[in-house]
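Asker: Single-letter residue listing:
2 protein chains.
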Amino acid sequence: MTEALKVGVAGLGTVGASVIRILREKANSLACQCGRTIKVVAVSARDKGRNRGIDLSDVKWFDSPVEMAASNEIDVFVELIGGELDLVHAAVKKALERGHHVVTANKALLARHGVTLAVSAEKKGIFLHFEAAVAGGIPIVKAMRESLSGNYLSRVYGILNGTCNYILTRMFTEGLSFKDCLADAQRLGYAEADPTFDIGGHDTAHKLVLLTSLAFGTTISLDDVYVEGISNISQIDIRAADELGYRIKLLGVALKTDSGIEQRVHPTMVPTSSMIAQIHGVTNALSIQSDLLGELLFSGPGAGGDATASAVISDLVDIAKARPGFQYAPVLGSPALQLVPHKKAHVSHHTGGYFIRLNVHDRAGVFAAVARHMADNQISLESIVQRPFVESQTVKTIILITHETTEVNVRKALAAIEKDGHLVTKFQLIRIEPMT
Amino acid sequence: MTEALKVGVAGLGTVGASVIRILREKANSLACQCGRTIKVVAVSARDKGRNRGIDLSDVKWFDSPVEMAASNEIDVFVELIGGELDLVHAAVKKALERGHHVVTANKALLARHGVTLAVSAEKKGIFLHFEAAVAGGIPIVKAMRESLSGNYLSRVYGILNGTCNYILTRMFTEGLSFKDCLADAQRLGYAEADPTFDIGGHDTAHKLVLLTSLAFGTTISLDDVYVEGISNISQIDIRAADELGYRIKLLGVALKTDSGIEQRVHPTMVPTSSMIAQIHGVTNALSIQSDLLGELLFSGPGAGGDATASAVISDLVDIAKARPGFQYAPVLGSPALQLVPHKKAHVSHHTGGYFIRLNVHDRAGVFAAVARHMADNQISLESIVQRPFVESQTVKTIILITHETTEVNVRKALAAIEKDGHLVTKFQLIRIEPMT
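Here the protein sequences come in this chain order: A and B.
Letter by letter, the first sequence follows residues 1 to 436 in the UniProt record's numbering.
Letter by letter, the second sequence follows residues 1 to 436 in the UniProt record's numbering.
Hints listed in this document are in silico derivations from the structure and should not be mistaken for laboratory results.
Identical chains share a label here; the pair holds if one copy fits it or two copies do between them.
Result set (BS3-like, lysine-lysine): computed pairs, CA atoms no more than 25 Å apart in a straight line:
hint	residue 1	residue 2
1	K26	K256
2	K343	K26
3	K142	K26
4	K94	K48
5	K93	K123
Computed from a predicted model, the values in this text were never measured in an experiment.
All chains, full assembly: derive it from the sequences and hints.
Answerer: Encoded structure:
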């Protein structure tokens, strides 16, 4: 049997502790699959004294992850630190320089530095694996990197943030407000004390850019993503969507269009009968559309110590099975030097259907004015619902579902409606994602 | 760049022709991903004269796949013949003997000879890949072989036969009889002229045994599978199931139980709200349950030339990326010599809920007798529906949904009911699969 694969784990939070525990508990099964053992020989974290429920007496402790990365005692540097992007970047760069394989769960690192790091790894003929960085336990990175080689992809979309899906699910099933659901999610540990990164859509955007690169062979560009969060989704939107046959999900969408690649993160109307509408709670899901396969859908746990550890361990097993130097392993599916910058399709050029909610003054002529502005901008309507959603004598709510139109036309119509002074509150605009 | 990977394709049906066409059309993209070109240099099929819409002028023709397998002009033997198991077996054995990697879509070959062939491949340090053999275009084999390394699996179930799911879907949506749906499926090319292999559940069983081996590290045993097909599913069953909140799907299920591993293929009641119930038409889907991940679900195209070709090509790309002799690649996840025979859990020991339909003579005391036999066998009932499903003055239909009980108890109760002489026709018994 080949000698053990020596692993250094940086970051000993929930995921790091899970990885070490599982590598030990399942050592025999893993050795059988790999033809060699996988052994944690070094760790690095901030607080040496903290009890993490794992015995660290036989592993070398490093106060600095960069020092561990520089050590010649490890074969693989596992980066599970999160946060502190500069420190993490320095450590991963150092590990690659030293010729150590890297496994990371860090979407922020890769969204910013993924291509440069991939170039370094590929130059050395070593692995930079990141299954855990997107959709947690769903093995989507390997599938996109290795299983779809013969396919040209046209669209990838998914529920990539469990916190948002948990909140939207509870808002639907229990009729609670966004605020109350968020508070509950925080209480249950599904949302951070500062939830902005999740509910603002930024976490989804970080994951989406990695999927975009894997899907289309393009460089990674976080700045090109249009991002909207879920904090302005109201019960009225959820109830109106339900009546019209839709559910509201926060989706990340990467779409190839004639004018370039659209990368969007926003609350999205999906048909109630679609698979993606059935994804509840903290579960993640991803749909991939391609020329040969039509649609593939994957769903599973998007977060959690064990699920994320499962992804990290599959990366380690990949590395343990390969014999160093004899594997051609483009980090992002295509060699990093051949990734091309994509042409960004601006969201103003987006075409699709829209859900529009208008809270208007209840006076004569308002509806006619709204209808006229829609018609003036070549927007035809699929559904119109007017209901006393808001309990008020003087305000009424108009819900419109448009047929396919352009974002620019919708924005023009809404600007004209705003200018007329009919709106009591800001309009609500939610894109509808067509399903195959 | 490393020299080209030389491929010989045996079998030039829809899939074989798709593989060759796609390898040519996408040669640059594939070379970029692999660091070398993939080149079809030889083919073998029965009828050299047939027009397959692909130019074969620059590839060597072999009348015999065994001869092609023995040739030293290829690196990989791609087996897409199907049928003629002895010939295929001889060819694949020969290819492995010669040290050629093998890619096959042949579930029947692997269900019978998979472990022996895997041993041969692993001894030589070469690949025996079979992504296309299970669930067509869904990359489930790689996921189970490589992405779930750290997991202990407890259950795998899925819709693995598009023909059956197409028929059951149309029976539900259009109220047609099994016979009419089958005829339509044959007309549309979704079912063979002799549909027994599909509708009898045997195709699903062949795929299931490969999944069982991947899931539990066991040898492959086709004879251990309990198999029931869908031909006795009636409109009454489908309508009654719908009323009670279920859909009927033909599932293959591999389940770890205290008494061993259950492998079952049969029509199954699944809750209407479950993901698997939303899988319509020829689509396949697979659910995997494990300790670290809870549930993963994959859905996508289970058949078709392009979808199957996509799987074959991903296998070829895997092989092209590896540098021969330097990859540790257990064919079935664990080394073939370490696969263990599983203890078979007989279906009579199955525990679960049951849907029971009884067509009984409409006379006094029948229902009381049925209820008594259930109680005598410790079977408690969740639902009882009695409706004039059959248009008859003298016959009535009783539908029972049981709480969890054992197959042996249900069989005893039904035998006693039969013995009483109350049944007008044979009872219907459909197992309910619990969902997480």
